[in-house]
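Asker: Now for the letters of each chain:
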Amino acid sequence: MNNKLKQVLTFALLFVFAISIPVSIYILKNGNLDLRISAFDSEEPVKVMVSDRTSSSVKILWITEKKVFGAIKINEINDLISENFETNSHFLQINNLKTDTNYSFSIYSGTKEFPQKITFKTLSFHESNPVNYIIYGQVFDKTGIKVQQKGLITIEFRNSNSKSELLGTTINETGGFQFNLKNLVETNTGRNFQYNQKLDATITIFPSGDEQPIVKIFTFDFSKQNQIPNIYLGDINLDIIPGVGE
Amino acid sequence: MKNLFKVTISILLTFAISISVVFLTIPTKTILILANTFVPSENNINNIAQSTTSHEVTNVIVQKSFNDFSESSIDKFGFYLRIDKINLFKAIIPDVDPRNKEEYVKSWENGISHGKFTAKPGIIGLTYLFAHAVSNKSQAIEKNAWFSYADELVLNDKIIIYYKGVKYYYEITNIMAVSPKATAFYTGASMVPMLRLQYCGPPTGSLGSRTLVDALLIRQEPI
Numbered sequence: 001m002n003n004k005l006k007q008v009l010t011f012a013l014l015f016v017f018a019i020s021i022p023v024s025i026y027i028l029k030n031g032n033l034d035l036r037i038s039a040f041d042s043e044e045p046v047k048v049m050v051s052d053r054t055s056s057s058v059k060i061l062w063i064t065e066k067k068v069f070g071a072i073k074i075n076e077i078n079d080l081i082s083e084n085f086e087t088n089s090h091f092l093q094i095n096n097l098k099t100d101t102n103y104s105f106s107i108y109s110g111t112k113e114f115p116q117k118i119t120f121k122t123l124s125f126h127e128s129n130p131v132n133y134i135i136y137g138q139v140f141d142k143t144g145i146k147v148q149q150k151g152l153i154t155i156e157f158r159n160s161n162s163k164s165e166l167l168g169t170t171i172n173e174t175g176g177f178q179f180n181l182k183n184l185v186e187t188n189t190g191r192n193f194q195y196n197q198k199l200d201a202t203i204t205i206f207p208s209g210d211e212q213p214i215v216k217i218f219t220f221d222f223s224k225q226n227q228i229p230n231i232y233l234g235d236i237n238l239d240i241i242p243g244v245g246e
Numbered sequence: 001m002k003n004l005f006k007v008t009i010s011i012l013l014t015f016a017i018s019i020s021v022v023f024l025t026i027p028t029k030t031i032l033i034l035a036n037t038f039v040p041s042e043n044n045i046n047n048i049a050q051s052t053t054s055h056e057v058t059n060v061i062v063q064k065s066f067n068d069f070s071e072s073s074i075d076k077f078g079f080y081l082r083i084d085k086i087n088l089f090k091a092i093i094p095d096v097d098p099r100n101k102e103e104y105v106k107s108w109e110n111g112i113s114h115g116k117f118t119a120k121p122g123i124i125g126l127t128y129l130f131a132h133a134v135s136n137k138s139q140a141i142e143k144n145a146w147f148s149y150a151d152e153l154v155l156n157d158k159i160i161i162y163y164k165g166v167k168y169y170y171e172i173t174n175i176m177a178v179s180p181k182a183t184a185f186y187t188g189a190s191m192v193p194m195l196r197l198q199y200c201g202p203p204t205g206s207l208g209s210r211t212l213v214d215a216l217l218i219r220q221e222p223i
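Those protein sequence lines, which keep their order, are chains A and B.
Under the numbering used here, the first residue of the first sequence is numbered 1, with each subsequent residue one higher.
Under the numbering used here, the first residue of the second sequence is numbered 1, with each subsequent residue one higher.
Chain A on its own, in the form it takes in the complex (with noise of 0.2 Å):
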């Protein structure tokens, strides 16, 4: 072997060692090599969902991969309503809507405009002497010990013969969320829905746009307490509490 290919080989070898050490020490910090860019995030609004809906007023909500500012269009009013700072779950209120009337919407996310297919129709009736109730709780991502920081989550509740309206917010940077029962209607009566009783309450989560969402089922007595138990998205799949038959 002569002395330019050994200096080119302990080169090489050097090289691969050098790179491996802060290769080797990001990887045990962070868990994994990620390196992506946020600004190669995609602005582009996914898991667009409506939800709150009232007589009056609707929420809508969405999930982007960049942090971005958000807006809605509503096409019917060309009116623009927008969040004031920047985020990956959206969620925005839209007030002042006809009774029972059909609205188109577009996102307005980062820079561009994304119009959006679904649709939405107001109730058709007055929500009587609403009164705010609050339910709250707390999401733990899939290492099980860290607070899901980012998301949307949605709730429906049952009870043996109505189904409610959905209900949807953002989770919050620790984890948190909370509903407001106020308005909750029946889906099929446009009934206030009786909350202060024991429920069904079906809860999903959206962690990301590009997860698949995780269901939780718990029932409840909302007229006894008002905090949800935690939420872990570390999942089984467990389709029914086991049992037998007699």
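Where hints are given, some of them may not hold.
[As the list claims (entries may be wrong)] Only pairs whose alpha carbons sit at most 20 Å apart, straight line, appear in this in silico PhoX-like list of lysine-lysine:
(1) A/Lys163 with B/Lys6
(2) A/Lys198 with B/Lys181
(3) A/Lys163 with A/Lys182
(4) B/Lys120 with B/Lys158
(5) B/Lys64 with B/Lys143
(6) A/Lys4 with B/Lys6
[As the list claims (entries may be wrong)] Just the calculated beta-carbon pair ranges, DEER-fashion:
(7) B/Asn46 with A/Ile134: 53 to 59 Å
(8) A/Asn180 with B/Glu152: 48 to 54 Å
(9) A/Leu28 with B/Lys143: 28 to 34 Å
(10) B/Val192 with A/Phe17: 45 to 51 Å
(11) A/Gln227 with B/Ile11: 56 to 62 Å
(12) A/Asn180 with B/Leu12: 58 to 64 Å
(13) B/Leu34 with A/Gln227: 20 to 26 Å
(14) A/Asp41 with B/Asn46: 23 to 29 Å
Read the hints as simulated data drawn from the structure, not as lab findings.
The C-beta atom is built at its ideal place from N, Cα and C for all residues, glycine as well.
Based on these hints, arrange chain B on the given structure of chain A.
Answerer: Here is chain B on its own, set in the frame of chain A:
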């Protein structure tokens, strides 16, 4: 040429060391290993799912009853449930999969099922135990329905668990009926050491709902 080579190597090493120092100063994001806690992480769940459990029972019972053991007859390092109020003293079968009906029904031949993916006593977490219950109590033994009398339990009743040489004393703090579909209650996660018993009902033995009996750890002592 040799000098140029040495200079290049020196620059490379200096670069590598300086980058490493920068990374070392950033607060670590490595996931903490919580040795004393049941962590309901996706990794933990996958590891538990891949583990195989033999469901062996150390003391074989010939004649079935609600009260198979006494404190003097148990294997000190085994896993047992004792509720004096309902005269229950049974072995607990660890890591029974709640998604596999055949597996959990078979486990009741030997005792009470400990739910797979939930905590064991002695760590921070929720220990989930489940068993069959029937309304016709005279058929309970024949049908391995060991929680048939659990409907007599009320708040502040005492429950004892024996596990790996330690005796754990729990006190009932909450009893609630939930929908069979309310699977979010099947968890090993809890902020404090906790026990959850689950059986069918009310009414006891019916499939329309499930009863959850939650108990908090009061104290523990070596056997």
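Asker: Which numbered hints does this structure break?
Answerer: Going through the list in order, the structure violates hints 1, 7, 8, 9 and respects the others.
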